[in-house]
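Protein chains: 2
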Amino acid sequence: MHVVRYSQAFIPTLKEAPADAQVASHKLLVRAGFIRQLGAGIYDYLPLAKRSLAKIEAIVREEMDAIGGQEFFLPALHPAEIWKESGRWEVMGDNMFRLKDRKGGDYGLGMTHEEIFTDIARGELRSYRQLPQVWYQIQTKFRDEPRPKSGLLRVRQFTMKDAYSFDVDRAGLDLRYEDQRRAYEKIFTRCGLDFVAVQAHSGSMGGSESSEFMVKTEAGEDLVAACPRCRYAANTETATSRGPVAAARQGTRKDRPEKFPTPGVRTIDDLAAAPYRRPAEQQLKTLVFVADEKPVIAVLRGDDDLHEPKLQSATGATTIRPAHPEEIKALLGALPGSLGAVGVTGTKVLLDEALRGLEGMVTGANEDGFHLEGVSVPRDLGHGTFASLRTVKAGEGCPRCDGTLDVFQALEVGHIFKLGTKYSESLKATVLDKDGKQVPIVMGCYGIGVERILAAAIELHHDDNGIVWPLSIAPFQATVLTLGPEPELKAAAEEIVGALAKAGVDVLFDDRDERAGVKFKDADLVGVPIRIAVGKKGLANGQVEWKLRAGGGVELVPLGEVARKVADKVRSAA
Amino acid sequence: MHVVRYSQAFIPTLKEAPADAQVASHKLLVRAGFIRQLGAGIYDYLPLAKRSLAKIEAIVREEMDAIGGQEFFLPALHPAEIWKESGRWEVMGDNMFRLKDRKGGDYGLGMTHEEIFTDIARGELRSYRQLPQVWYQIQTKFRDEPRPKSGLLRVRQFTMKDAYSFDVDRAGLDLRYEDQRRAYEKIFTRCGLDFVAVQAHSGSMGGSESSEFMVKTEAGEDLVAACPRCRYAANTETATSRGPVAAARQGTRKDRPEKFPTPGVRTIDDLAAAPYRRPAEQQLKTLVFVADEKPVIAVLRGDDDLHEPKLQSATGATTIRPAHPEEIKALLGALPGSLGAVGVTGTKVLLDEALRGLEGMVTGANEDGFHLEGVSVPRDLGHGTFASLRTVKAGEGCPRCDGTLDVFQALEVGHIFKLGTKYSESLKATVLDKDGKQVPIVMGCYGIGVERILAAAIELHHDDNGIVWPLSIAPFQATVLTLGPEPELKAAAEEIVGALAKAGVDVLFDDRDERAGVKFKDADLVGVPIRIAVGKKGLANGQVEWKLRAGGGVELVPLGEVARKVADKVRSAA
Chain A
1 MHVVRYSQAF IPTLKEAPAD AQVASHKLLV RAGFIRQLGA GIYDYLPLAK
51 RSLAKIEAIV REEMDAIGGQ EFFLPALHPA EIWKESGRWE VMGDNMFRLK
101 DRKGGDYGLG MTHEEIFTDI ARGELRSYRQ LPQVWYQIQT KFRDEPRPKS
151 GLLRVRQFTM KDAYSFDVDR AGLDLRYEDQ RRAYEKIFTR CGLDFVAVQA
201 HSGSMGGSES SEFMVKTEAG EDLVAACPRC RYAANTETAT SRGPVAAARQ
251 GTRKDRPEKF PTPGVRTIDD LAAAPYRRPA EQQLKTLVFV ADEKPVIAVL
301 RGDDDLHEPK LQSATGATTI RPAHPEEIKA LLGALPGSLG AVGVTGTKVL
351 LDEALRGLEG MVTGANEDGF HLEGVSVPRD LGHGTFASLR TVKAGEGCPR
401 CDGTLDVFQA LEVGHIFKLG TKYSESLKAT VLDKDGKQVP IVMGCYGIGV
451 ERILAAAIEL HHDDNGIVWP LSIAPFQATV LTLGPEPELK AAAEEIVGAL
501 AKAGVDVLFD DRDERAGVKF KDADLVGVPI RIAVGKKGLA NGQVEWKLRA
551 GGGVELVPLG EVARKVADKV RSAA
Chain B
1 MHVVRYSQAF IPTLKEAPAD AQVASHKLLV RAGFIRQLGA GIYDYLPLAK
51 RSLAKIEAIV REEMDAIGGQ EFFLPALHPA EIWKESGRWE VMGDNMFRLK
101 DRKGGDYGLG MTHEEIFTDI ARGELRSYRQ LPQVWYQIQT KFRDEPRPKS
151 GLLRVRQFTM KDAYSFDVDR AGLDLRYEDQ RRAYEKIFTR CGLDFVAVQA
201 HSGSMGGSES SEFMVKTEAG EDLVAACPRC RYAANTETAT SRGPVAAARQ
251 GTRKDRPEKF PTPGVRTIDD LAAAPYRRPA EQQLKTLVFV ADEKPVIAVL
301 RGDDDLHEPK LQSATGATTI RPAHPEEIKA LLGALPGSLG AVGVTGTKVL
351 LDEALRGLEG MVTGANEDGF HLEGVSVPRD LGHGTFASLR TVKAGEGCPR
401 CDGTLDVFQA LEVGHIFKLG TKYSESLKAT VLDKDGKQVP IVMGCYGIGV
451 ERILAAAIEL HHDDNGIVWP LSIAPFQATV LTLGPEPELK AAAEEIVGAL
501 AKAGVDVLFD DRDERAGVKF KDADLVGVPI RIAVGKKGLA NGQVEWKLRA
551 GGGVELVPLG EVARKVADKV RSAA
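As you go down the protein sequences, you meet chains A and B in turn. Quick note, the first sequence lines up with residues 1 to 574 if you use this note's numbering. Quick note, the second sequence lines up with residues 1 to 574 if you use this note's numbering.
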């Protein structure tokens, strides 16, 4: 139905946003009547949201089909066995919703579909002649997010376009990855998003290379480090830099570490304050983690922050968590606040790259209430292994050129991965190659968060009055309203609506008996891109008012031309 | 993408159907490469199935929109609280998949959405001025079916169109119900289904009136009783008849029931055999059930079968189950085989209508190994209440006219219900009516099983060679293939494919290097409605072969006319 009459439509706009809403998309999706909350991280999509989501899905579908994607629809209910085969039944931990059926069988709710698509591939693909294959679906995913928040940005049930490619070799994977990268650029551009593609960490997906598509917005929870000079861009989970811009002022060297009492000191700041006055940059920060059940010690400069995903990458572990205080006490003999890696044996020690060559440092003595001073990293921590562990900060040097990194908050809307053979090996999905040899299928996977696009578009395009939808994904392309109750205005409006519908335009016809001000306000809040208002004065001259939500003033357009003008505008944006 | 090249498509056809497949749709969906099984009652939809399902969904959407339906998309993950409010958290029992989140909160996977839609209604609807509203969604449902089978016919995850109407009064509900009924007729007709609308039992949905849309097929598990004369049609769950065609030959009357020994008798058949020789129609069948935790006794003629849903309706209970032997022994003092209702007090006794006035009957004496003879229903069972309890049989009289009932197996593809105020009362969804009085919203709900349409279409339309899709829901409308490997054939085929794509036809271009026989076989199995074959001889005369999957021979059509002819055929079926 191209035409919806406001008087009959369910558009429950609100004066106030929910008290807990902080980001613009959350506030506006609720206020403008797009969504309602059913539970923590679980939302009802009302008709306006459904309309916009359907448009986003249609764009995604077109671009996937254009690169040879074939659409599937796979179950959300997954037997545990297949996840056990891939080894991820354990890995997914509490993030996976799990349940038992009436017979006691174990099931998980799908958070992603590598296992299921690979299961189909191993059952049906036999030869390189059947490759490449690009398979996708647009389907509901479930993830037991520990801290749902920000409306549709961090939820427990969401819609994902997930695509998977199957090739006989790496060269094929490279082509498929490139196809997806280009399709993603088209999709996000068509949906009205400014974005940047960045290097990323592969997380529990495994694989060798991955890129995230990021929208720069403070509503995002990712941090991206980007060089304005050379276009280097990476999630701070993996970003590196040319090291601290301000090199550490080193402390006093000593022949050997010397112990001194530090009663009550628990933090870097405690030791930086009087009476100790050891600047954070002269301290070593010692952290204990448990990686795949084995303890590991990470050491960074006191003024740096650990980036946990980097530590995970450096250990190669599947799971990682901070050690509990009792585990730390058992391992090092002291509690956090007095920890150090000097003299530690039998436990893996990882040193951040920024520590190379530092002298005269202060660190915990592994004795509660005592620290060591005069520590030399080369001399006293020679048993450690260097790795990139710290979080990159704005103003640091670009690792690729002599530019300076910018760091900004961003929202991930898509993620593409070169998986390689991780899943085809664990699930035994092989084909015969040209030489008749059985080889594991080389896979890629490619995800887009459909609601993320919706929310990101709002974060980028809104003002104090409401949403400013890009034409491509607006619930309605145009709204038609009358400036007064006169029957001739209504008749003219009906005529315009009919002409617009005929031209294939999605129209919201505001036929309510409300003041024009109320209608303008709702149209602005809902964010309809084109507004046509029929008033007495204009109509006397055969004209109606034309206004774009995105800006610009009111323009008078001849009644007979308005439908064509709207249709042209819609076409130009497609 | 209108054109798919077979050489690049994923169409994994099989020579054999799965060993456990019994119904045609199950066999053919697997063999023709539409679905694969992931687990019991859980299926992967491959690209062919996704294409057909998308077409069915588009038809459903159009017809829902045409009657003012507004599309939503609601969560599958439901907090337990809302189901507890409606009282159905208990009622749904093992049929509902249940799970706990990481914080221990209880959730169910949605099997239907009365609760969630009513929750939105109570939050947003305040006045009769906002009514009517017709809300729907096309979404995945979960149901822990105890015995999944028959491919997509009895599954644990499926797609449903569920619509809900909200009115201020019954008169409004009647209009909305009628709208849906007409929309359903259009939907099923457009999808190529022959169907019959029948009176049905409301089950756990509650409400006053409901109709099922049934497709007559032996793959269905419902039984429909229909009168060919007056168009009376009802699910045997609710169907009534003018009583047994053969009236019971009554047994010997006595002044009072007399006990006689029947050692070893456990069943109606035991008592009908030597040495007792009491025909089943002269026996009373006494059954004990537990309805909402209270025992209830049902009595039928020995040659009739109880229809449990009728018993449930008669008791008005929310849940009903057969009593356990120990419960029966405690209640009546005997085990099944010797039960009777004569002289029973303190327990509700329901008598089937067919028992009215019967004399000289035999029943259990409530003493193991003994029965009573000479039982008079009016005299000895006067404490019972008459109700329709028996299952209607073919050949019985139509309850509306003097016709004779036909009973056949059928598959339910849709179900519409007048819910009334069941949910609006339990969930407190009220509006102010015209007089300013707070009244519960009057609701209806309307469901269609999307995969059921797919499977029903196959059950109705197939032959030994495969599926015979109706044009409206076929994965491809036409297939184009060459009868030989010659480049000029391929070139002509490409030309036709291009012209078809331009005409908006969905084409499967069989560009494989296979013999024509293989291509014909696959086209028949997949069920593509229109087949265009380009051969050497025909092409020499500027002609190609045209054949319809549904029947008729090969026809020669001029090359330049074939695209128009296909497009015309497609249009004529829309």
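Hints listed in this document are in silico derivations from the structure and should not be mistaken for laboratory results. Fair warning: there could be bad hints in the mix.
Straight-line Cα separation of at most 35 Å, DSBU-like style, residue types lysine-lysine; simulated pairs [unchecked claim]:
no., chain 1, residue 1, chain 2, residue 2
1, B, K15, A, K27
2, A, K15, A, K216
3, B, K537, A, K103
4, B, K537, A, K216
5, B, K103, A, K521
6, B, K428, B, K490
7, A, K84, B, K428
8, A, K428, B, K15
Which stretches of chain B does chain A cover? Using the computed rule of at least three CB atoms under 8 Å from a CB of chain A, they are [to be verified]:
no., stretch
9, 65 to 75
10, 114 to 124
11, 138 to 145
12, 331 to 338
13, 368 to 378
Glycine included, each C-beta is placed from N, C-alpha and C at the ideal position.
How the hints compare with the structure:
Distance hint between B/K15 and A/K27 is unfulfilled; the C-alpha atoms sit about 56 Å from each other, more than 35 Å. Using a Cα cut-off of 35 Å, the hinted pair A/K15 and A/K216 holds, with the two alpha carbons roughly 28 Å apart. Only pairs whose Cα atoms come within 35 Å are accepted, and B/K537 paired with A/K103 is rejected, the gap being roughly 62 Å. Restraint check: the Cα-Cα separation between B/K537 and A/K216 comes to about 63 Å, which exceeds 35 Å; the hinted pair is violated.
At roughly 41 Å between alpha-carbon atoms, B/K103 and A/K521 are farther apart than 35 Å, so this suggested pair is violated. Between B/K428 and B/K490 the alpha-carbon distance is near 67 Å, which puts this suggested pair outside the 35 Å criterion. Proposed proximity of A/K84 and B/K428 is contradicted: the alpha carbons are some 45 Å apart, above 35 Å. For the hint linking A/K428 to B/K15, the alpha-carbon distance of about 24 Å falls within 35 Å, and the restraint holds.
Taking a C-beta to C-beta cut-off of 8 Å, the stretch 65 to 75 of chain B contributes 9 residues in contact with chain A, enough for the three needed, and the coverage statement holds. Only when three residues or more bring their CB closer than 8 Å to a CB of chain A does the claim for the stretch 114 to 124 of chain B stand; here the count is 5, and the claim holds. Counting residues of the stretch 138 to 145 of chain B whose C-beta sits closer than 8 Å to any C-beta of chain A gives 3, which meets the bar of three, so the coverage hint holds. Figure legend: the stretch 331 to 338 of chain B, annotated as covered by chain A; annotation inconsistent (0 residues with Cβ-Cβ distances under 8 Å, at least 3 required).
Under the rule that three or more residues need a Cβ within less than 8 Å of chain A, the assignment of the stretch 368 to 378 of chain B is violated, with 0 such residues.
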